[in-house]
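In mature numbering (1 follows the signal peptide of the UniProt record, and there is no 0), the protein residues as written are -20 to -1, 1 to 271.
Treat the hints with care, as some may be off.
Below, computed lysine to aspartate or glutamate pairings styled on EDC-like, alpha-carbon distance capped at 20 Å [as the list claims (entries may be wrong)]:
1. K193 - D162
2. K170 - D262
3. K170 - D220
4. K194 - E234
5. K170 - E99
6. K170 - D143
Calculated from the structure, these hints are not laboratory results.
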Amino acid sequence: MAFVNRLIFTLAAAVSLASAQSSTTVCTLTGCNQDNCYRDLVQSTAFCASFTAPPQSGTTVSTVTLNPVQSSCGATSLSSACSCLYPSGATTLATQASITQCATLPLAPSPTALNVNFESGSDTIYVGRTYNVNNYSIISDPSLAHSPPNLFRVTFTPEPPGDFDTHNLDIFATGLMRPFTDYTFTFWAKADALVNPSDSDIDYISLIIHGLKKGPAPPDLALTESPSTFFSSLLSPAIDTTWRRYQGSFNSGEWPYFYIIFHFNNGGYSYSGVVPSLYIDDVSLVQAYMD
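Please model the entire structure based on the sequences and the hints provided.
Here it is as structure tokens:
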């Protein structure tokens, strides 16, 4: 009996310790050098928001006005400096080219970092880099949803029969995760039936996980200055009129925040002129269980 009591006490102490651990310290090597490019951008940090933003739908790459110092920096140096300055308050000023910075960061709830099933009506999925997309929204249709009543639908603009026009879109999600932790990202997807059997369906899905040290990214931020933590093609099985589950696993490494992009591409052969609608439900990012 005494052994059982000691065991219960030990387990209780372990649970108490785990629940009390609400933050972690992450140390990373950075290269925020206070050169002329960095010092110039410190005075105009709003530049970085424009420099990293993706083009608006239906436009070409945005034109950003550079002053003489910024022009002499070049795109690589500007991206590096902006990664140190944007979002604002992101990093401590560096006094040398490479220093080790440590920060105490909140730990994400475990085991789920993201759970968007659309049932509450308040869930938000950010959509950007859309091409020839007519509409996207949360809809309520229990007969269509993977987990009723709601789901996310993307519809494409009708086009002349026999046209060839690639269709694609990126769907984003941002949030907080635990560093150095294994995660699995999952979503369910389906599409309308093809009107013409020769029409294109979704021919690939790319899943990209970006890791961030500075906090959740704005939903429209193009992370050209941040390497991807994970990249994978997920089109297996192929999207059709049946709900299919797609998932990819990765380790968060030193990154305490995630920025997920799942990119859908339709090849564009449209003999009927009708591009099938895309449906998404039950999006989640869950901490992997340890054996």
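Hints, one by one, checked against the model:
1. K193 - D162: 17 Å, holds
2. K170 - D262: Within the cut-off at roughly 12 Å; holds.
3. K170 - D220: Distance ~5 Å between K170 and D220 Cα, so the pair holds.
4. K194 - E234: 12 Å, holds
5. K170 - E99: 18 Å, holds
6. K170 - D143: Between K170 and D143 the Cα gap is close to 23 Å, so the pair fails against 20 Å, i.e. violated.
Violated hint: 6 only; the structure is consistent with all others.
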